[in-house]
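Q: The primary structure of each chain is shown beneath.
There are 2 protein chains.
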Amino acid sequence: MRPENAHQAVLLRLLREGGRSRAELGDMVDLSRSKLNVELDRLIELGLVEPDGLAESRGGRRSGKVRLSRQTRFAGIDIGATSVDVAVTDGELNVLGHLSEPCDIREGPAVVLDRAVTLLGKLREQGLYSQLHGVGIGLPGPVSFPEGVPVVPPIMPGWDRYPVREAVSEELGCPALVDNDVNIMALGELHAGLARQVGDFLLVKIGTGVGCGIVVDGKIYRGVSGSAGDIGHIRVDDDGPICACGNSGCLEAYFGGAALAREATAVARSGRSPYLAERLAAAGELTAQDVAVAAAQGDAAAIQIIRDGGRRVGQVLASLVSFFNPGLVIIAGGVARLGHVLLAEIRSVVYRRSLPLATGNLPIVLSELGDIAGIVGATRLISDHVYSAG
Amino acid sequence: MRPENAHQAVLLRLLREGGRSRAELGDMVDLSRSKLNVELDRLIELGLVEPDGLAESRGGRRSGKVRLSRQTRFAGIDIGATSVDVAVTDGELNVLGHLSEPCDIREGPAVVLDRAVTLLGKLREQGLYSQLHGVGIGLPGPVSFPEGVPVVPPIMPGWDRYPVREAVSEELGCPALVDNDVNIMALGELHAGLARQVGDFLLVKIGTGVGCGIVVDGKIYRGVSGSAGDIGHIRVDDDGPICACGNSGCLEAYFGGAALAREATAVARSGRSPYLAERLAAAGELTAQDVAVAAAQGDAAAIQIIRDGGRRVGQVLASLVSFFNPGLVIIAGGVARLGHVLLAEIRSVVYRRSLPLATGNLPIVLSELGDIAGIVGATRLISDHVYSAG
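Top to bottom, those sequences are chains A and B.
The UniProt record's numbering applies: residue 1 is where the first sequence begins, and numbers increase by one.
The UniProt record's numbering applies: residue 1 is where the second sequence begins, and numbers increase by one.
Treat the hints loosely; a few may be bogus.
Below, in silico cross-link-like pairs of lysine-lysine (BS3-like), each with a Cα-Cα straight-line distance of 30 angstroms or less [stated by the list, open to error]:
1) A:K219 with A:K35
2) A:K219 with B:K219
3) B:K35 with B:K65
4) A:K219 with A:K65
5) B:K35 with A:K35
6) A:K35 with A:K65
If you are wondering where the hints come from, they were derived from the structure by calculation, not from laboratory data.
A quick note: this is a predicted structure, and the numbers were derived from the prediction, not measured.
Only chain A is shown next, with the shape it has when bound in the complex (with noise of 0.2 angstroms):
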């Protein structure tokens, strides 16, 4: 069920920042008191508002509260490459219950989805809900968004151009959108994160690759053919290392989960930090976790690591900031739990590097979702077309 005109989805999204009194919303919109009632009925009338009470008086009759129907309910999903993250949320995308399992991306769609969808069935059984009225689903990897499909993902075998939309879309019987794991994080931290009250930011995930959704005017900006954002293989230099997509010196080549793994372990080998040997020697390999854990015990290689990676994506980034100009830059994503090493190389490089009519007034910050942003910004997606006119 949807609006039936641009007006009715203009309130709707309205109340998704919470209930409101009628007179409050005549003081919002652009319709006259008599038109605002008849939208409002409508609403009531498709089951998307219900009354609320009356509101405190300002001054004369009391006004009548509403809000959106509280039999709404929007489930994300965020499929990353290693977990599998769904929730189910109100009309307003307050979380209501929120379960996660490891699932390697590898399997395949038809597993994958599989296990999504028995999460979801999980919080149903728990009385989360009985029917969803929007589902939206983030990946990690290339999508096309107005398909609903995943284009040539790198990490995901067997997900190439799979019917993702529709497969979830007829199994859960709602509407269904899907995007990349980046923008759903930005549209997550535009609904629920730092991004609240800025239109213009960039969402710099560093995790196994290094992705960035950008958001002009509060709606995710994908460019002519979905790609924008991907920063990953933007040169830093054309000495570094070669890359898997064949060009050298790109930023994932230099700092990503796989480029810090190869570099601590060349660390823990050349005797430079015994912390790193002898997590190799325990675990056979090396993560992105191990250097964390190594440089919050303050062992002097492991942070040297941080700081060039750091120094590499402040690089891009500064690029980025004067040619984009945003209001608000936030790092996210796995190798973003770095945390304040890596953040304090970021801005001293952007603020450095960039116009000072672009920093000036520029905060770069780490992400304070963390593992809900996707989730969230999933839900968002999906509320967003859900409450838009059909």
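Using the hints provided, position chain B relative to the given structure of chain A.
A: Just chain B now, kept in the frame of chain A:
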């Protein structure tokens, strides 16, 4: 005189593309036939639109044609570092008259703006207008768009925070808007150039400096503090020449009017180019234009200078294309007249270094509008304002 509501604004912008029958307009807008006629009749009363005879029959009664008032006049003023251009257009932004004069920006705002107004006066004396409905102004430096004033413009002594918009608006007795030269060139391309059907594109101007106009969804994207597109100080590498900004290896320190003149002089003195040596001896100095002429004559050293510059522009542009995924890149400005050698080098680097998804369908072209891009864009800027609800 501006439209009274959003419907009238939409109709005016449609008519800016050319006159139409009421029936055709009815097919293009989301208005009932009777409401459409009310709004059109009101626009005729306001003097913004006029009747224009009857359309061919589409089967039934012949529909009345309408067009923008023949009295509508916009002016564009494009102030460069060494020249001033003015033009007067009708409501559809057809150029009715265009004058250009050499003029040194360093003479300061009072002198330069007086020159522009005097040039426009000549067009008035030719009978091209009696009253202007709006004027758009482009300046070769950073502009605070909301305030209509230049902000610390590096090559414009005496202009910092000079109230350009206010002064010109008062002098000409009509609304005025001021923007930087790159943004108005981008608007010119959007209105009359190669970008007519493209929502998201980049206009890269290579002249005395290097700048970029960013168009998102048919509108200039200015960033949160108005500095978006200021790409001249993006890092190419760390070991490059020291830039006027204090950093090293900026794009402008490699390529731009001053860098080209410097490299040409070095080449001339080294004896690697007899042509440039001769020009240097004759003129006492060399410019980017000399490099262009030498390259056109097949001078190997000049062609190498252009190739090296094109490679660096290409490296920066490759990053921006991966990030922004535009539908078109237009290269413009004085140095762009270096032409196809430059274009070939830029294309080669961008197509090799950007993501295949972003370049698969990406034309990179030289501007075909040339000198009029700025003045047409300036009239587009002000007509967008005049043709929006007040």
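Q: Could you grab the alpha-carbon distance between A:K219 and A:K35 and see if it respects the 30 angstroms cut-off?
A: holds, 28 angstroms
Q: Could you grab the alpha-carbon distance between A:K219 and A:K65 and see if it respects the 30 angstroms cut-off?
A: holds, 29 angstroms
Q: Mind checking the alpha carbons of B:K35 and A:K35 for me, to see if they're no more than 30 angstroms apart?
A: holds, 17 angstroms
Q: Need the status of pair A:K219, B:K219: alpha-carbon distance at most 30 angstroms?
A: holds, 15 angstroms
Q: Is B:K35 within 30 angstroms of B:K65, Cα to Cα?
A: holds, 16 angstroms
Q: When you check the alpha-carbon spacing of A:K35 and A:K65, does it fall within 30 angstroms?
A: It holds: about 16 angstroms lies between the C-alpha atoms, which stays within 30 angstroms.
The structure fails none of the hints (numbered hints given earlier).
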